[in-house]
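The whole structure should be built from the sequences, with the hints applied where relevant.
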Amino acid sequence: MQKKMSYSFPNEVLEHIFSFIQSDKDRNAVSLVCKSWYEIERWCRRKIFVGNCYAVSPGMVIRRFPEVRSVELKGKPHFADFNLVPDGWGGYVLPWIAEMAGAYPWLEEIRLKRMVVTDESLELIAKSFKNFKVLVLSTCEGFSTDGLAAIAASCKNLRELNLQESDVDDLSGHWLSHFPETYTSLVSLNVSCLVSDEVSLSALERLVGRCPNLRTLRLNRAVPLDKIANILRCAPQLVEFGTGTYAAELRPDVFSNVFSNLAGAFSNCKELRSLSGFWDVVPAYLPAIYSVCSGLTSLNLSYATIQSPDLIKLVSHCPSLQRLLVLDYIEDGGLEALASSCKDLQELRVFPSDPFAVEPNVSLTEQGLVTISLGCPKLQSVLYFCRRMSNAALVTIAQNRPNLTRFRLCIIEPKTADYLSLEPLDVGFGAIVEQCKDLRRLSLSGLLTDRVFEYIGTYAKKLEMLSVAFAGDSDLGLHHVLSGCESLRKLEIRDCPFGDKALLANAAKLETMRSLWMSSCSVSFRACKLLGQKMPRVNVEVIEEREPPDSRPESCPVDKLYIYRSVAGPRFDMPPFVWTMDEDSALRLS
Amino acid sequence: MEIQSGCSKNGEACPRLLDLIPQEREWHVKREDERRLRSSEEKKLELRLGPPGEDNWSIKEATKNNSREKDESLLSLGYFSSMKSNGKQTQKFPSPEDHPVGSIFSSPWAKIRQHNHQLHTKPPSFLQFPSTAPQSLPVIAKESSESCCTKAVDFQNAEKKEFSPPVNTAVAPNSSQKRTAPGPVVGWPPIRSFRKNLASSSSSKLASESPSVVPPKVANEKPVAQPTGKSLFVKINMDGVPIGRKVDLKAYDSYDKLSTAVDELFRALLAVQRDSSAGGIVNKQEEQKVIMGVLDRSGEYTLVYEDNEGDRMLVGDVPWHMFVSTVKRLRVLKSSDLSALSLGSSKQGKIPA
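Quick note, the sequences are listed as chains A and B, same order. If you use my numbering, the first sequence corresponds to residues 1 to 590, in order. If you use my numbering, the second sequence corresponds to residues 591 to 943, in order.
All clues stand as given, with none of them false.
In silico DSSO-like links for lysine-lysine, alpha-carbon gap of 30 Å or less:
#1 B:K825 - B:K836
#2 A:K343 - A:K437
#3 B:K918 - A:K227
#4 A:K313 - B:K786
#5 A:K378 - A:K490
#6 A:K127 - B:K825
#7 A:K461 - A:K25
#8 A:K25 - A:K47
#9 B:K847 - B:K786
#10 A:K127 - A:K47
#11 A:K437 - A:K462
#12 B:K786 - A:K490
#13 A:K378 - A:K461
#14 B:K786 - A:K227
#15 A:K534 - A:K509
#16 A:K133 - A:K156
#17 A:K35 - A:K25
#18 B:K836 - A:K490
If you are wondering where the hints come from, they were derived from the structure by calculation, not from laboratory data.
Structure below.
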């Protein structure tokens with residue numbers, strides 16, 4: 001006699017087993033096994049990740065998962081980071097907070113990326129969730145320090161407040177004082193994006209002093225260097241620290257005082273693994289951190305406008321470095337030093353110090369990246385801005401580092417050819433996708449024809465995100481990508497001659513992806529309408545800031561196009577310059 | 591949905607829309623040329639990449655007078671059929687199996703070795719558009735962006751003939767530091783705003799330090815604390831609108847232009863607000879009251895700003911360039927609230943914001 005599985009385990013046992021399954025993919029798989037597993041799983045899912053806040057409505061999430069404790073939402077498309085998405089586009093979190101306030105009184109964590117958060121939303125969070133612990137606002141905007149004050153005042157169990165790169169209306173530093181004197185549970189505070197010069201140092205020091213579990217503290221630029229020592233002495237247990245401005249006077253009496261104080265404070269921090277900040281660096285003060293350098297795994301020097309020799313000195317003290325963000329002042333020579341000192345390096349980001357200069361202002365070329373690819377066997381993730389590249393270099397990099405998972409190359413001048421052969425860089429990027437079989441993210445630049453997309457479609461089977469600019473010759477390029485990249489989730493394209501054909505021929509692909517962004521391409525308004533009509537589970541949005549798209553011929557290309565799959569239907573919070581191509585509007589406009 | 595020109599309801603001249611009409615006619619002409627150019631290029635490509643049987647790959651039907659059915663068939667063929675299951679007839683694109691890209695590490699690699707040892711001056715055959723240099727901006731992108739979506743930047747004038755002096759040369763007087771790089775491409779290079787102007791902003795900080803501080807070598811080039819980058823975004827809030835916006839002051843060269851821009855910006859916002867509060871779907875074409883007279887203080891709203899000392903000032907009192915160098919944020923206030931604030935001009939006493 002065979003007993004069915006579902007009769008032999010009580011629900012509580014299954015629930016307990018499911019609680020060990022944290023990954024969303026696995027949870028989703030569990031919920032598809034059978035109806036009873038679906039039911040059990042939905043009641044015990046505690047964490048939700050919504051990669052596109054418009055893909056689903058808050059009501060739908062709440063109906064299916066009634067006991068959620070942690071929510072992560074993402075709003076605007078990635079190109080919003082570069083001012084390609086006009087202000088007012090959307091991504092408002094308030095509707096979500098409002099519904100969750102009623103449905104999830106025990107919500108503990110909210111993580112948002114590229115969303116518009118208002119003081120009203122923050123106040124609602126502060127008063128609705130009694131056990132609120134984690135607030136991460138990454139690249140968000142729309143709120144001020146008043147909203148933060150509300151959070152500080154009400155959330156007695158707050159562990160983490162992280163404003164990572166958000167645009168905050170910094171009205172005053174006094175919001176920090178709203179943390180009550182009885183509040184001691186802070187673990188992580190990142191306010192590095194706050195811009196006002198006012199900062200309440202005494203409130204900060206008191207806060208830091210009374211929170212024994214503080215592990216992460218990222219200060220903003222306004223905190224002067226000579227105050228850092230005091231703060232560090234209050235929190236020697238820090239694991240991650242971000243300085244403010246790293247400049248102070250060089251007059252001998254001042255210098256020796258500040259320096260020894262600083263060096264002493266740093267040497268007390270035995271657990272320190274990550275440093276950031278470093279605005280306005282005065283190199284003479286850098287040796288103050290040498291005592292912690294040997295243990296550093298992450299170093300963000302991307303604001304440090306210091307020259308290569310100082311950078312070389314610094315990185316050669318950091319043999320355990322796994323992650324480095326730096327400006328191109330490091331130059332090829334500095335990268336060579338990095339390659340020989342830091343064998344554990346996994347992630348490198350090199351930013352341009354002077355992105356708008358036509359002539360190179362530093363001696364950083366493709367050679368630096370080649371050297372790193374050779375010297376750092378664990379290198380997985382690269383973001384590199386430079387002014388010249390060659391196919392030979394890319395092929396070498398690909399051969400050296402087949403374990404790359406993220407490769408983002410930005411050759412600053414659009415459509416720059418291989419500087420040696422004057423050919424397109426198709427073959428070089430082709431080598432990257434052919435060799436790096438686990439490549440998940442790729443950003444292209446330089447002179448590229450449809451050929452590179454052929455390579456990508458053929459080889460980049462694990463590619464999830466692709467960013468393309470000023471590349472390709474025809475729809476064939478886009479077609480290769482849409483038809484070949486099986487794992488593609490996000491595709492963002494700007495200024496490429498891709499039109500209707502590839503998009504329409506691969507329309508079904510759009511339902512398998514999170515989103516597609518195309519701006520300054522050649523997709524016609526007619527094609528957009530057609531897609532909107534034919535694909536009910538995909539939202540097609542046209543962005544036109546100058547005039548309505550139907551005031552011109554249908555064959556005219558749209559300025560910007562954002563297509564994303566959604567089970568929530570078209571949204572209704574669009575600004576005047578966003579037109580949705582749903583079934584109804586397509587009929588009305590024709 | 592009725593599409594109406596927003597301005598006609600008011601009976602007012604709307605220079606923006608009127609100006610676009612002659613351009614639109616030009617655009618039609620340009621588009622035709624563009625298409626002809628493109629179809630011949632497509633054919634060139636097709637000969638290189640596909641076997642001879644692939645000549646159903648043509649862009650002609652996409653150009654003009656597409657009937658609706660044609661669209662549907664184009665869509666449905668691609669949509670419902672997979673590349674493998676249908677015959678060649680319905681295939682619009684060559685599939686990878688027809689002419690697989692060789693591994694990079696066979697013949698193309700050999701070619702690269704050759705190229706390493708010689709410098710080609712013959713332009714590569716991939717480039718189909720006449721261009722002054724391999725690095726120039728693409729013609730098509732220029733045209734389509736120019737005509738159909740008028741941008742503030744005029745690409746045609748963005749020649750790469752002007753060069754700015756390299757940043758790390760010896761200190762030069764202020765006037766020669768003016769950036770003369772080619773016209774800016776929006777959002778390129780792809781870096782976040784807080785990563786721009788790093789060299790100049792670091793010097794601005796140091797300018798306020800005591801003279802004995804040794805500034806970094808590069809920052810020395812910009813003795814005046816002023817962002818000299820391509821844009822200067824300042825936040826602008828309006829009474830009654832919860833979410834502020836940003837405007838790029840570098841995009842304007844006079845108070846009039848700024849005023850017009852502010853007008854357009856908030857006109858749209860007020861519309862959305864009004865409609866969403868009414869609970870209906872936004873009717874984008876409905877016109878609302880114009881925010882007139884933000885500068886001459888005769889209208890319902892007035893434009894004020896906060897300067898680098900935190901004081902609130904009326905916009906328009908000081909010369910434009912002085913305004914740009916001291917403004918930190920903007921605000922659109924109801925004029926009725928003004929008298930309560932007693933704002934000062936730059937000469938008289940100022941009230942802290």
